[in-house]
Every structure is written in structure tokens, then in C-alpha cells.
Amino acid sequence: MSTSKYTSKLADQRVLILGGSSGLGFAVAEAALEYGAHIILSSSNQSKLDKAVDRLKAAYPTQTSTQTIITHVCDLSDAVNLDNNFERLFQAATANGAHKLNHVVCTAGDPVHTPSLNDIQAQDIYRAMTLRLVAPAVMAKFIPKYVESSPSSSLTLTGGVRSRKPAPGWSIITAGTSGIEGLARGLALELAPVRVNTVAPGAVKTELWDPVPKEVLENLLQGFKDQSTTGTVAAPEDLAESYIYLMRDHFVTGSVIESNGGVLLK
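With my numbering applied, the sequence shown corresponds to residues 1 to 266, in that order.
Treat the hints loosely; a few may be bogus.
Stated by the list, open to error - Restricting the straight-line Cα-Cα distance to at most 25 Å, the calculated cross-link-like pairs of lysine-lysine (PhoX-like) are: (1) Lys205 - Lys51; (2) Lys48 - Lys214; (3) Lys205 - Lys57; (4) Lys100 - Lys165; (5) Lys225 - Lys165; (6) Lys48 - Lys9.
Stated by the list, open to error - What follows is a set of in silico ranges between Cβ atoms, one per label pair, in the way DEER data are often shown: (7) Ser152 - Ala98: 13 to 21 Å; (8) Val80 - Leu264: 32 to 40 Å; (9) Pro211 - Lys57: 25 to 33 Å.
Hint data in this document are derived by calculation from the structure and do not stem from the laboratory. Even for Gly, the Cβ is constructed at its ideal location relative to N, Cα and C.
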């Protein structure tokens with residue numbers, strides 16, 4: 001008799017992915033579908049969400065015929081209206097509260113902006129922190145109302161390797177990623193029994209790098225490869241495994257999962 005107590009852990013679970021139209025979030029959506037979950041994708045652009053759904057339906061015709069995909073636009077960069085934007089998002093994600101969520105994953109990000117120390121302005125700090133740190137902190141107040149209160153439920157934030165390995169010119173990013181890890185540890189206590197963790201990626205090749213000129217990007221990626229132990233840059237599918245793990249292990253909370261190619265070893 002065959003059993004599937006491991007591979008079925010996410011079957012029929014409801015997973016909300018912020019930043020789900022591309023990059024890490026899209027890879028998490030793919031993985032969640034493969035594990036049998038119903039997914040809710042959110043980003044700031046409906047056109048990108050529609051394209052993401054089309055890609056998922058083309059890649060997973062069987063799953064998407066039986067598993068739900070919901071999309072909802074939510075602008076996380078609009079600090080003034082975050083409360084209203086999140087309320088509408090969670091209402092849409094849960095059918096007005098009828099179906100509670102099991103997991104929330106925050107992968108939303110914008111292109112990395114690292115001004116030199118002499119050029120840093122307050123708006124640079126606000127810009128870097130709003131999407132990645134302020135928005136998840138504000139969102140946390142909605143977790144008790146809309147997420148199933150159980151150790152099998154989770155909230156996963158996205159930090160970065162710079163919290164452990166700063167580099168010149170990356171002070172704002174270092175502050176932000178360090179803050180995300182601290183926020184997750186605090187929320188793990190405040191939102192218990194819902195588990196709260198952080199994924200801290202190293203260099204990952206996603207669409208966020210698309211605005212960088214090709215020659216510059218090639219040099220950057222080669223530099224990241226040289227700094228790693230594996231000699232590689234991650235693909236989003238690599239990191240998706242970390243997010244899936246944090247959903248499936250019901251005993252991990254307040255923790256940081258590092259996926260960085262061994263960059264901390266060099």
C-alpha cells in the first residue's frame with residue numbers, strides 16, 4: 001500500500017504569494033502547485049499576474065484544472081494606503097473570510113538600488129525599506145484574522161545574505177535584510193502558533209536584474225560566482241525549495257534558511 005504523508009503535506013492548502021508574478025515568487029507558485037496547493041498570486045501589476053497565470057496553466061494543465069489560482073493587485077510600495085490595500089488583498093484571498101489561508105510568502109522586491117555613502121538620501125532608505133520591511137510588518141496584523149491558527153500554518157519573509165556578510169556600498173541593503181530577520185523572530189512570538197521564518201538568498205538571477213545593461217550584468221554575475229563556493233548563481237527554482245521546506249516543516253519557527261552557494265565560507 002502506497003502512502004504520501006510527506007508529498008501530500010501541502011495538498012489543498014491555500015498559499016498566498018506576494019510578489020508571485022515573477023522571480024522567486026513565481027517559482028514558489030510553481031512548486032506549490034506541484035505539491036497540490038491552491039495559490040493566490042499578488043503583485044502591483046495585473047498584466048504581469050495574467051501572464052503568470054497563463055504560464056502556470058501552460059506548464060501545469062492538470063493541476064490548474066483542479067487547483068485554484070486567484071490573482072489580486074496589491075501595491076506594497078504605497079505606504080500611506082497599506083492597511084486598505086492589505087485588507088482588500090486578504091479579503092480576496094479568503095473569499096471574504098470564508099476560507100482561511102494556510103501559508104503566506106513574501107518575495108516582493110524591486111531592483112536593488114545601492115547609492116554610495118556620500119550620495120545616500122532619506123528617500124533612498126524609505127524606498128529600500130518600504131517594500132521589503134515596512135510592508136511585511138504592516139501585513140502581520142492581518143495574519144491572526146485570515147490565516148489558520150495552527151503550527152501547520154506559516155508566514156515566510158525574504159531577507160538576504162548581506163545581513164551576514166556586508167559589503168561596501170550595501171549598507172542600506174544590509175540594514176534592511178538584518179531588520180527582516182529581526183522582524184521575523186519577533187513575529188514568531190507574537191503570531192504563535194503560526195510559524196514565522198526568513199529565507200536569506202545569496203545571488204539569484206531573476207527579472208529584477210533585467211534593467212542592468214548586459215555587459216554590466218555579466219560582470220556582476222561573474223563576481224557573484226567568484227565569491228561563492230559552488231561557483232554558481234542560483235536560479236529561482238533553487239530558492240523555491242527553501243520556501244516549500246518552511247511551509248512543510250511544522251516545527252521550524254523564528255529561523256533563517258540560508259541558500260547562498262557557500263558565500264559565507266569565503
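Verification of the hints:
no.: 1; hint: Lys205 - Lys51; verdict: holds (19 Å)
no.: 2; hint: Lys48 - Lys214; verdict: holds (23 Å)
no.: 3; hint: Lys205 - Lys57; verdict: holds (23 Å)
no.: 4; hint: Lys100 - Lys165; verdict: violated (38 Å)
no.: 5; hint: Lys225 - Lys165; verdict: holds (15 Å)
no.: 6; hint: Lys48 - Lys9; verdict: violated (29 Å)
no.: 7; hint: Ser152 - Ala98: 13 to 21 Å; verdict: holds (19 Å)
no.: 8; hint: Val80 - Leu264: 32 to 40 Å; verdict: holds (38 Å)
no.: 9; hint: Pro211 - Lys57: 25 to 33 Å; verdict: holds (28 Å)
In terms of the numbered hints stated before, the structure departs from hints 4 and 6, listed from lowest to highest.
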